[in-house]
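Each residue of the sequence shown is one higher than the one before, counting from 1 in my numbering.
I should point out that these hints are in silico values taken from the structure, not numbers from a laboratory.
In this text the structure is predicted, and so the values were computed from the model without any measurement.
Just to be clear, a hint being listed does not mean it is correct.
In silico lysine-lysine, DSS-like type, Cα no more than 25 Å apart, as pairs [unchecked claim]: (1) 216 with 228; (2) 192 with 170; (3) 170 with 244; (4) 222 with 208; (5) 59 with 170.
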Amino acid sequence: MIQRLLVWFIHSSPKIKRWFWKKWYTIFASKAPNPDFRFMNYGYYEESFHPELNSTDEKERYPIQLYHHVVSQINIEEKTVLEIGSGRGGGAFYIAKKLNPLGITGIDISETAVELCNSLYDIENLNFMVGDSEHIPFNAESFDVLLNVESSHCYGSMDLFLKEVFRVLKPGGFFLICDFRENTVIGQLFDKFEKSGLKLIKHQNITKNILKALSKMTEKRKRAISQKVPKLLRKTFESYAGTKGSKMYDSFNNDTLIYFSACLQKPK
């Protein structure tokens with residue numbers, strides 16, 4: 001019941017959708033400041049895909065692999081990167097230290113999340129700041145690469161977001177994205193990509209890879225939820241976390257939700 005009411009409330013208007021997700025991530029950042037908890041995405045598993053990780057990163061292998069999968073669609077060495085919706089900053093930190101960008105900036109709508117990231121990470125080619133996906137706080141043609149991981153489904157307007165992506169990218173720059181949509185509307189999203197002026201270079205349905213990762217992370221996530229969340233809210237949090245058997249997991253499993261990754265390019 002709680003979960004159904006939340007879904008109805010979130011989708012009642014674009015303004016409410018933006019407001020809810022800003023509040024959600026602000027509360028999450030303030031109530032869960034654990035530096036070991038650096039990712040909130042659904043992870044990625046592929047049998048032949050196994051980047052080498054140190055002991056600290058190994059604890060978050062599957063969320064890291066989602067970032068690595070998306071970013072490895074191109075070579076980002078010596079490129080300027082902007083991550084929109086950087087959350088708890090783990091993905092941007094991994095990219096900065098492992099994949100050799102010239103620099104990476106993470107922006108997030110939650111001031112609390114940005115403060116958390118700036119307190120957790122200290123590396124020369126990485127910084128975080130408050131920013132809005134529909135009003136990106138940079139001049140036109142500022143970045144070689146824009147990255148968006150499992151965040152765009154929270155936005156009030158995908159059209160405004162894509163307009164900003166096109167504006168901020170340098171000519172020839174790349175937009176790397178992964179996220180999920182209901183199977184009935186995912187075609188509309190790719191229509192928006194086409195109308196944005198960006199050229200679709202490649203895309204994949206990675207729902208099966210997401211499901212495998214979620215299965216592997218279920219025990220750990222359920223244990224954390226049982227320790228931190230009141231019993232009344234645990235089912236809602238388990239669904240948000242995508243644990244096996246939850247409504248979110250089942251929606252991926254029965255193809256109600258499709259998870260995709262894509263690479264788009266701004267014309268030179």
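To see whether the hints hold, each was checked on the structure:
For the suggested pair residue 216 and residue 228, the alpha carbons sit about 20 Å apart, so the restraint of at most 25 Å is met. Distance check on the hinted pair: residue 192 and residue 170 sit about 20 Å apart at the alpha-carbon level, within 25 Å; holds. At roughly 41 Å between alpha-carbon atoms, residue 170 and residue 244 are farther apart than 25 Å, so this suggested pair is violated. The suggested pairing of residue 222 with residue 208 holds, with an alpha-carbon distance near 21 Å, which does not exceed 25 Å.
The suggested pairing of residue 59 with residue 170 is violated, with an alpha-carbon distance near 35 Å, which exceeds 25 Å.
The earlier numbered hints that this structure contradicts are 3 and 5.
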